[in-house]
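S.K.: Taken in order, these protein sequences are the chains called A and B.
Residues 1 to 275 (the working numbering) are what the first sequence spells out, left to right.
Residues 276 to 594 (the working numbering) are what the second sequence spells out, left to right.
A couple of the hints might just be wrong.
Unchecked claim - Okay, derived cross-link-like pairs now, DSBU-like style, lysine-lysine, Cα gap no bigger than 30 Å in a straight line: (1) K490/B <-> K589/B; (2) K504/B <-> K108/A; (3) K375/B <-> K108/A; (4) K228/A <-> K320/B; (5) K95/A <-> K375/B; (6) K200/A <-> K229/A; (7) K137/A <-> K228/A; (8) K137/A <-> K320/B; (9) K280/B <-> K459/B; (10) K375/B <-> K280/B; (11) K134/A <-> K200/A; (12) K290/B <-> K137/A; (13) K138/A <-> K298/B; (14) K375/B <-> K281/B; (15) K490/B <-> K570/B; (16) K134/A <-> K229/A; (17) K134/A <-> K290/B; (18) K298/B <-> K137/A; (19) K490/B <-> K279/B; (20) K320/B <-> K138/A; (21) K134/A <-> K320/B; (22) K279/B <-> K504/B; (23) K375/B <-> K134/A; (24) K256/A <-> K95/A; (25) K290/B <-> K459/B; (26) K588/B <-> K229/A; (27) K137/A <-> K223/A; (28) K138/A <-> K375/B; (29) K134/A <-> K298/B; (30) K137/A <-> K95/A; (31) K137/A <-> K375/B; (32) K268/A <-> K256/A.
Derived by calculation from the structure, the hints in this document are not laboratory data.
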Amino acid sequence: MECSISDIENKANILRLDVIRMTTEAGSGHPGGSLSAADMMAVLYFRVLNHDPSNPLWEDRDRFVLSKGHVAPVLYAALAESGYFPTEELITLRKLGSRLQGHPVRGKVPGVEMSTGSLGQGLSMACGIALTGKIDKKDYHVYCLLGDGELQEGQNWEAAMFAHHYNLSNLIAFVDRNRLQTTGNTENAMSLDPLPEKWKAFGWNVIIIDGHNVRQIIEACEKAKGSKKHPTVIIMNTVKGKGVSFMENNADFHGKTCKPVEYEMAIKELKEVIQ
Amino acid sequence: MSEKKKLAQRDYYGKALATLAAKDSNVIVLDADLAGSTKTSEFKKVAPERFVEVGIAEQNMIGVASGLAASGKTAFASTFAVFASGRCWEQIRLSVAYPKLNVKIVATHCGISVGEDGASHQALEDLAIMRALPNMTVIAPADAYETYAATMAIANYNGPVYMRLGRSEFPTIMPEDVKFEIGKATVMREGCDVTIIGVGQMVANCLDASEELVKEGIEAEVINMSTIKPLDIGTIYDSVSKTGCCVTAEEHSIIGGLGSAVAEFLSQELPSPLTRVGTYDVFGESGSPNALFEKYGLTAADIVNAVHRSIDKKTEMKQ
Chain A
1 MECSISDIEN KANILRLDVI RMTTEAGSGH PGGSLSAADM MAVLYFRVLN
51 HDPSNPLWED RDRFVLSKGH VAPVLYAALA ESGYFPTEEL ITLRKLGSRL
101 QGHPVRGKVP GVEMSTGSLG QGLSMACGIA LTGKIDKKDY HVYCLLGDGE
151 LQEGQNWEAA MFAHHYNLSN LIAFVDRNRL QTTGNTENAM SLDPLPEKWK
201 AFGWNVIIID GHNVRQIIEA CEKAKGSKKH PTVIIMNTVK GKGVSFMENN
251 ADFHGKTCKP VEYEMAIKEL KEVIQ
Chain B
276 MSEKKKLAQR DYYGKALATL AAKDSNVIVL DADLAGSTKT SEFKKVAPER
326 FVEVGIAEQN MIGVASGLAA SGKTAFASTF AVFASGRCWE QIRLSVAYPK
376 LNVKIVATHC GISVGEDGAS HQALEDLAIM RALPNMTVIA PADAYETYAA
426 TMAIANYNGP VYMRLGRSEF PTIMPEDVKF EIGKATVMRE GCDVTIIGVG
476 QMVANCLDAS EELVKEGIEA EVINMSTIKP LDIGTIYDSV SKTGCCVTAE
526 EHSIIGGLGS AVAEFLSQEL PSPLTRVGTY DVFGESGSPN ALFEKYGLTA
576 ADIVNAVHRS IDKKTEMKQ
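Only chain A is shown next, with the shape it has when bound in the complex (with noise of 0.2 Å):
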């Protein structure tokens, strides 16, 4: 059954409160840019991916590759919340042994597509699945999200004018546009704007939304599905820290986690939303 716009909003937080736990127990990771993309991760794995956990190698299921392979525990918690594996296994990320490295690893992980975790790398690879799909004539769709920071990387606009030449309409890229990386906001590290005139010049088509609006993420990607010749952007605004009032828009959770006493704080806030 398809789970409704509320159902998703509640799985968004869900996996928020996953991800804040998984990290303050591995001590280390990265919340930040895990939170301004729960609703979207919600929205792919609970409604909008052609998908079974149950089966994670089916051949013509959709594809998902996660270019910012930093937000790792936003899809270890979308992955065990879907069922590919235990929710009670996300509690060993980044610990010896466990099959939850920092950054994901294909074929470790169900459910997990490719190795990612050096920026700039997955648009490339998701131009490779979606073009296999495009030869093979699969109905398939791949999607790719990146961080806004890591289109500073020059590989995404090798790969954003190889996506526009073959035509690759199947493939849908997700840009979490908020605004902060490591050292602070993006346009001081170096400047995105004006974002969505550079991807147009590429020939993508653009969509633009509020990154935590679920019905708005949902529509969007119904629109860029609809696509017959060109790839599509779907372009985010989103919070960084999303969800948690200390950590929204604060560049220092980017790559650090909760200290107990915010641990309890951020717990609290994100039981209250829970239903």
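Start from chain A and add chain B according to the hints.
M.R.: Below, chain B alone, put in the same frame as chain A:
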């Protein structure tokens, strides 16, 4: 060896790809604007729908190849060795080697024999940086015939491969119908005084050197180490146990390539005098391939000198 037919390895790579195009519909070939030079154009002629031009964008080429492989294809990605190994090394590391994907990076225009283009285009460190990657198989066939066989062999192997080929025509030394087995060296000539291990184009020079050495009463065993990784340590052990000293010869830096691989093995398992022929931590320059081989110490005469050095060391150690 001058009576041997001279052929270019890249031409036989192209021939093999054309054969594969007809034989295996799963093979996809990618190139970065150099198809006419790498000879992937031969594949394009037969299977244009499975040929992917990526433009001058090697990093993206490797990423796309990894995505193709992850969705079931056998991806061959080609460009010049300098770019294929260096420009996208970290892409190869993350998206090919780490997840053990079925991508074949076939690099042409290796080494100093690129000639006139100069140092920017002469890959003398590619074996080193590829060999350092876990899961990576590293191959450098000795001639055009072995290139054909190796291309067919790697197409049948499921995993990452880096294969290094030359640009120019040089003597064929293997039989036309040679079989290729990954990880298996070929003893080209038996001898009991010294082991000469060569790779790629240098194997022909090793054989020339062995003929010169016969005139001095020295019987050299010559080995074609066409797979650098995994190294055929059994063949090296057996040969050096017999001869007691060794010479390596490669059109590559002495740092990190065949010479280093053999040194690593011998120093741990069978300490023996070893002399490495290769470039000595320098960049190349423009010039004709023959002139560059002479200037950078890669000729048969240089191998003969290296043999003298290794045999002298062996004699010293016995005293």
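S.K.: Hint by hint, say whether it matches the structure.
M.R.: Now the hints, each set against the structure:
{"no.": "1", "hint": "K490/B <-> K589/B", "result": "holds, 20 Å"}
{"no.": "2", "hint": "K504/B <-> K108/A", "result": "holds, 25 Å"}
{"no.": "3", "hint": "K375/B <-> K108/A", "result": "holds, 12 Å"}
{"no.": "4", "hint": "K228/A <-> K320/B", "result": "holds, 29 Å"}
{"no.": "5", "hint": "K95/A <-> K375/B", "result": "holds, 23 Å"}
{"no.": "6", "hint": "K200/A <-> K229/A", "result": "holds, 14 Å"}
{"no.": "7", "hint": "K137/A <-> K228/A", "result": "holds, 13 Å"}
{"no.": "8", "hint": "K137/A <-> K320/B", "result": "holds, 22 Å"}
{"no.": "9", "hint": "K280/B <-> K459/B", "result": "holds, 24 Å"}
{"no.": "10", "hint": "K375/B <-> K280/B", "result": "violated, 37 Å"}
{"no.": "11", "hint": "K134/A <-> K200/A", "result": "holds, 22 Å"}
{"no.": "12", "hint": "K290/B <-> K137/A", "result": "holds, 28 Å"}
{"no.": "13", "hint": "K138/A <-> K298/B", "result": "holds, 22 Å"}
{"no.": "14", "hint": "K375/B <-> K281/B", "result": "violated, 36 Å"}
{"no.": "15", "hint": "K490/B <-> K570/B", "result": "holds, 25 Å"}
{"no.": "16", "hint": "K134/A <-> K229/A", "result": "holds, 11 Å"}
{"no.": "17", "hint": "K134/A <-> K290/B", "result": "holds, 27 Å"}
{"no.": "18", "hint": "K298/B <-> K137/A", "result": "holds, 21 Å"}
{"no.": "19", "hint": "K490/B <-> K279/B", "result": "holds, 21 Å"}
{"no.": "20", "hint": "K320/B <-> K138/A", "result": "holds, 25 Å"}
{"no.": "21", "hint": "K134/A <-> K320/B", "result": "holds, 20 Å"}
{"no.": "22", "hint": "K279/B <-> K504/B", "result": "holds, 28 Å"}
{"no.": "23", "hint": "K375/B <-> K134/A", "result": "holds, 24 Å"}
{"no.": "24", "hint": "K256/A <-> K95/A", "result": "holds, 17 Å"}
{"no.": "25", "hint": "K290/B <-> K459/B", "result": "holds, 23 Å"}
{"no.": "26", "hint": "K588/B <-> K229/A", "result": "violated, 69 Å"}
{"no.": "27", "hint": "K137/A <-> K223/A", "result": "holds, 21 Å"}
{"no.": "28", "hint": "K138/A <-> K375/B", "result": "holds, 24 Å"}
{"no.": "29", "hint": "K134/A <-> K298/B", "result": "holds, 21 Å"}
{"no.": "30", "hint": "K137/A <-> K95/A", "result": "violated, 41 Å"}
{"no.": "31", "hint": "K137/A <-> K375/B", "result": "holds, 26 Å"}
{"no.": "32", "hint": "K268/A <-> K256/A", "result": "holds, 19 Å"}
When the structure is compared with the earlier hints, violations turn up for hints 10, 14, 26 and 30 and for no others.
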